[in-house]
Amino acid sequence: MDIKFSKNRIEFKKELNNLDKFVIDFVSVLDKLNIKYVLISGYVSILFGRSRSSEDIDIFVEKISFEKFKGLWKELSPKFECIITEDQEEAYKEYLMTGHAIRFSYKKQYIPNMEVKFAKSEFELISFQQKIEVILNGIVLYVSPLELQIAVKLRLGSQKDIEDAVHLYELFKKYLNIEELQYYNKKLGVESLFNKHLENEKITRY
Amino acid sequence: MKKSPDINLKEFDKIKEQNFLDRLDFIRRYAAWQKKVSNKRWSSSQKKIVDN
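Chains as they are written, first to last, in my numbering: chain A, 955 to 1160; chain B, 4 to 55.
Bear in mind the hints are in silico, worked out from the structure with no lab data behind them.
None of the values given here were measured: they were computed from a predicted structure.
Please note that a few of the clues may not be correct.
Quick list of the computed label-pair ranges, beta carbon to beta carbon [claimed, not checked]:
| id | chain 1 | residue 1 | chain 2 | residue 2 | range |
| --- | --- | --- | --- | --- | --- |
| 1 | B | 25 | A | 1110 | 20 to 30 Å |
| 2 | A | 1037 | B | 7 | 18 to 28 Å |
| 3 | A | 1137 | B | 15 | 30 to 40 Å |
Every residue, glycine too, gets a C-beta built ideally from N, C-alpha and C.
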């Protein structure tokens, strides 16, 4: 794997799959309107090569005004549609402002879709403040810090989530800030899961 | 009424846990393979899975 890794920046090239192209297409609209975002959860693992697909991509968007949101809706509308509601006021006031997500897919396609939320909780805000810049084939994407991503995935705890955490850890362990990872593991109460599945690399046989 | 088969749930859970550990082993091996090969090689394999 050819990759350039520095503190807040990862640069690499890959053959883009349809999910990558969908994400790049969507965030190009956010970039155009100067709306800050951070990609989180499963797509972060997929971006770095996890061999699975996903029906949705989780993204936090900075809290924006209703006026700015209307501008975003308009800019997205030639290619994308909100599959939760057709009413932009409802999308903003009843969903985003109350902590719920809205979803955008390509028109008439439903999946994949971008699951858009305003960052609100402590960990969501940390994702935002400490996001890393990923340069993929020369295109900039912002993703959650990997240390936080691994701990959150362990906390989520499904088989798929733990697999995502193991994949990221195995791929990037020599670059990770271990103190930071341990801090997040402690804060999220996943130290024992981390020790069981990420530190212990041997297969346990009965 | 047909007699339902006896299912040993402890045995079942043991197999489930072992399957999960085997999956994690595969993920580790996959990441190790990814680190060894070129980006083009792993990403074209990934593209086949994602785009299928």
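| Are residue 25/B and residue 1110/A spaced within 20 to 30 Å by their CB atoms? | holds (21 Å)
| Taking the beta carbons of residue 1137/A and residue 15/B, is their distance inside 30 to 40 Å? | holds (38 Å)
| Does the Cβ-Cβ separation between residue 1037/A and residue 7/B fall within 18 to 28 Å? | Hint violated: Cβ distance 42 Å, outside 18 to 28 Å.
The structure fails hint 2 only (numbered hints given earlier).
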